[in-house]
Amino acid sequence: MRRAWSPSLIEEVVPLNFEHLIQINDPLNPLLDPLTREQVWQGLLLRVERPQLFVAGLDNCTILKREGDTLERELDYGVATVRDRVTLTPTERVRYEIAPTEAHVGGTLTMTIEAPDELQLFLRFEYSTTLPEPSGTDERQTLEIVKSAYREADIDTVRLIRQFAHTGDLPDALH
30 MRRAWSPSLI EEVVPLNFEH LIQINDPLNP LLDPLTREQV WQGLLLRVER PQLFVAGLDN
90 CTILKREGDT LERELDYGVA TVRDRVTLTP TERVRYEIAP TEAHVGGTLT MTIEAPDELQ
150 LFLRFEYSTT LPEPSGTDER QTLEIVKSAY READIDTVRL IRQFAHTGDL PDALH
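Residue numbering for the sequence shown follows the numbering used here, starting at 30 and increasing by one per position.
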């Protein structure tokens with residue numbers, strides 16, 4: 030028996046574009062040790078090469094291919110495997126393009142180093158993916174929880190970069 034197409038069988042999806050900025054150097058905060066652009070860049074490269082130090086739940090990362098400033102990786106999260114392509118713009122930006130799978134919609138994450146002047150340094154995180162259209166309060170709350178989780182993970186990333194920059198040692202893994 031063939032099933033007729035019905036609009037109710039298609040779930041509406043919407044783009045989730047989310048970005049935020051984390052201040053690395055604050056000239057008004059003497060308690061915050063400043064980092065150089067190069068130190069932040071080296072930390073971002075560490076996150077590309079050793080993501081299991083930064084990403085909770087990530088068991089293994091295999092770099093499948095390197096070509097110029099592009100890497101293709103396979104990431105193992107327990108039984109789930111995700112592939113991504115990482116594009117580097119040296120000392121400026123890292124862009125992760127996550128391939129969609131049956132279980133994951135895919136998306137992008139771009140981390141950009143910004144220096145509006147000699148004393149300030151920021152790291153901008155930009156996320157783009159698709160999620161089901163929030164139809165009620167629970168779905169909207171879930172969306173806010175996802176954004177909050179992204180923010181917290183990015184704060185941890187900056188904390189680990191700072192630790193790596195100041196000690197020269199690999200940071201302790203998040204898990």
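Bear in mind the hints are in silico, worked out from the structure with no lab data behind them.
Even for Gly, the Cβ is constructed at its ideal location relative to N, Cα and C.
Heads up, some of the hints might be wrong.
[To be verified] Have a look at the derived ranges for each label pair, beta carbon to beta carbon:
| hint | residue 1 | residue 2 | range |
| --- | --- | --- | --- |
| 1 | Gly-197 | Leu-61 | 37 to 47 Å |
| 2 | Thr-196 | Glu-173 | 16 to 26 Å |
| 3 | Thr-159 | Ala-182 | 18 to 28 Å |
| 4 | Thr-99 | Thr-159 | 22 to 32 Å |
| 5 | Thr-65 | Gly-165 | 42 to 52 Å |
| 6 | Asn-58 | Thr-91 | 18 to 28 Å |
| 7 | Leu-74 | Glu-147 | 18 to 28 Å |
| 8 | Arg-95 | Gly-165 | 37 to 47 Å |
| 9 | Ala-182 | Leu-61 | 38 to 48 Å |
| 10 | Arg-112 | Leu-57 | 38 to 48 Å |
To see whether the hints hold, each was checked on the structure:
Taken as a hint, the range 37 to 47 Å is violated for the pair Gly-197 and Leu-61, whose Cβ atoms sit roughly 19 Å apart. Judged by the Cβ atoms, the range 16 to 26 Å given for Thr-196 and Glu-173 is violated: they are separated by roughly 35 Å. At about 19 Å, the CB distance of Thr-159 to Ala-182 agrees with the hint of 18 to 28 Å. In this structure the hint that Thr-99 and Thr-159 lie 22 to 32 Å apart at CB holds, the actual value being about 24 Å.
Separation of Thr-65 from Gly-165 is about 47 Å and conforms to the stated range, judged on CB atoms against 42 to 52 Å. For the hinted restraint 18 to 28 Å between Asn-58 and Thr-91, the CB-CB distance of approximately 40 Å leaves it violated. Roughly 23 Å separates the CB atoms of Leu-74 and Glu-147, a value that falls within the hinted 18 to 28 Å. In this structure the hint that Arg-95 and Gly-165 lie 37 to 47 Å apart at CB holds, the actual value being about 45 Å.
Take Ala-182 and Leu-61: their Cβ atoms lie about 20 Å apart, and the range 38 to 48 Å is violated. Against the hinted window of 38 to 48 Å, the Cβ-Cβ separation of Arg-112 and Leu-57 comes to about 43 Å, which satisfies the hint.
Comparing the model with each earlier hint shows violations of hints 1, 2, 6 and 9; every other hint is respected.
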